[in-house]
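2 protein chains.
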Amino acid sequence: MIKWQPGRAPRAAFHGPQALSVSLRTKTNIAITLLGVIAQMKSPLPESALDQLFRAAHTAHGFRPEPVSDETLHELHDLLKWGPTSFNCQPARFVFVRSAAAKERLKPALSPGNVAQTMAAPVTVIVASDSRFFDLLPAQYPAYDAKPIYENNPTLARETALRNGSLQGAYLILAARALGLDCGPMSGFDAAAVDAEFFPDGRFRSNFLINIGAADPAKFFPRGPRLTFAAAAQIL
Amino acid sequence: MIKWQPGRAPRAAFHGPQALSVSLRTKTNIAITLLGVIAQMKSPLPESALDQLFRAAHTAHGFRPEPVSDETLHELHDLLKWGPTSFNCQPARFVFVRSAAAKERLKPALSPGNVAQTMAAPVTVIVASDSRFFDLLPAQYPAYDAKPIYENNPTLARETALRNGSLQGAYLILAARALGLDCGPMSGFDAAAVDAEFFPDGRFRSNFLINIGAADPAKFFPRGPRLTFAAAAQIL
Chain A
1021 MIKWQPGRAP
1031 RAAFHGPQAL
1041 SVSLRTKTNI
1051 AITLLGVIAQ
1061 MKSPLPESAL
1071 DQLFRAAHTA
1081 HGFRPEPVSD
1091 ETLHELHDLL
1101 KWGPTSFNCQ
1111 PARFVFVRSA
1121 AAKERLKPAL
1131 SPGNVAQTMA
1141 APVTVIVASD
1151 SRFFDLLPAQ
1161 YPAYDAKPIY
1171 ENNPTLARET
1181 ALRNGSLQGA
1191 YLILAARALG
1201 LDCGPMSGFD
1211 AAAVDAEFFP
1221 DGRFRSNFLI
1231 NIGAADPAKF
1241 FPRGPRLTFA
1251 AAAQIL
Chain B
1021 MIKWQPGRAP
1031 RAAFHGPQAL
1041 SVSLRTKTNI
1051 AITLLGVIAQ
1061 MKSPLPESAL
1071 DQLFRAAHTA
1081 HGFRPEPVSD
1091 ETLHELHDLL
1101 KWGPTSFNCQ
1111 PARFVFVRSA
1121 AAKERLKPAL
1131 SPGNVAQTMA
1141 APVTVIVASD
1151 SRFFDLLPAQ
1161 YPAYDAKPIY
1171 ENNPTLARET
1181 ALRNGSLQGA
1191 YLILAARALG
1201 LDCGPMSGFD
1211 AAAVDAEFFP
1221 DGRFRSNFLI
1231 NIGAADPAKF
1241 FPRGPRLTFA
1251 AAAQIL
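Note that the protein sequences, when read in sequence, are chains A and B.
Residue numbers in the first sequence follow the working numbering, run continuously in steps of one, and reach 1256 at the last position.
Residue numbers in the second sequence follow the working numbering, run continuously in steps of one, and reach 1256 at the last position.
Do not take every clue at face value.
If chains are identical, the list can't say which one is meant, so a pair holds when it fits in one copy or spans any two.
[Said to hold, decoys possible] Listed below are the simulated EDC-like cross-link pairs for lysine to aspartate or glutamate, each with C-alpha atoms no more than 20 Å apart in a straight line: (1) LYS1062 / GLU1095; (2) LYS1123 / ASP1215; (3) LYS1127 / ASP1210; (4) LYS1062 / GLU1086; (5) LYS1167 / ASP1210; (6) LYS1062 / GLU1091; (7) LYS1062 / ASP1236; (8) LYS1062 / ASP1090; (9) LYS1167 / GLU1179; (10) LYS1239 / GLU1086; (11) LYS1123 / GLU1086.
Calculated directly from the structure, the hints in this document are not laboratory data.
Using the sequences and the hints, build the whole thing.
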């Protein structure tokens, strides 16, 4: 088994008595081939990056007042947009609610327990989905005519928008963490009220919300327990 | 506006005529406070990490033969499990289909265009969801009794499992990339056939598949166009 460590060759490649009888030229060719393979293999990110993305990341329930700039929001989108979606369909839409006036429009739709943290967050992202994402498929995936698959199957279209829009929401969470920001995702809000206020023509539907900014660590909750590998996974 | 750059103080903090009249002691206190804020602020990951996670990552359509070890699959789960879910509900289940025998069980359910790449992938993950995730909520989120919210609302439960199970699938994709692996996610398969074969008791439902391993770059497709910020996002 190859361990995905930087610059480490597959073990046992040069071991065993057979290797002793291999000519220098063959050994050199094997070494060059192995170096080529190693050069193509990507290394794991440093431990500090894995901590920042996953192990030490914490859902934010309170924020420090530092604002999030337009430039940072563009950087965020320029990362998350590369995440994969079915037929490159990209159904997610992102409304960055940042001004006090826009926050006030969002406020009545929030669950009471989410009001304070959302009003304090530098930005709250409405992650929405385009219910007519398939109209864009001819431009987004010209190699194959996938539009009819969804246009003629509203249940599949709705499920595809939710699945892929959620993937893109997760890409946003991890892209934000990669940029040094903290996230507080939330499902506790009145989706119909958000849609009526922000998407009155009915084409876009809110999926979930994400507060982003620099977290106030004093307002972290203790982390909940995570399912073990044995409880959540199996290898067949 | 603060740019989230390492070790850079908020601009204009010491600028302007007012600052000239501030005492040395006040200035020192401000500086110490600012240093504290800066120390708490996380830095963006290096450009090479942003490339590996997002900008240079490519959906894999072919793989090199290097296997993926049990240890790597455990490392992968130990990262992705930390991603946030509603009420810490963690509905996703991951079946790592690796052996030839298990691949043969999966094969008849694949869309024809996905057979070759899936049979060649070192591992294919069935990302499934637990339709009774709410039974685990008392243990996973003891602070609040959220179980009845879902148990009494099958539509909400189904939607929550799909949303959060998809988030966790995206965490897996980015955790795999963070470990230096490549991913090929797919929705092209017969979900009912996968469920009948792998989850015959009906509790778990397949959501999507992800091939993982070391990609053969010769089999990359050209990347599809991505929606611009103006097409996919707005700042209010």
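Report the numbers of all earlier hints that the structure fails to satisfy, in ascending order.
-> Checked against the structure, no hint fails, so every one of them is satisfied.
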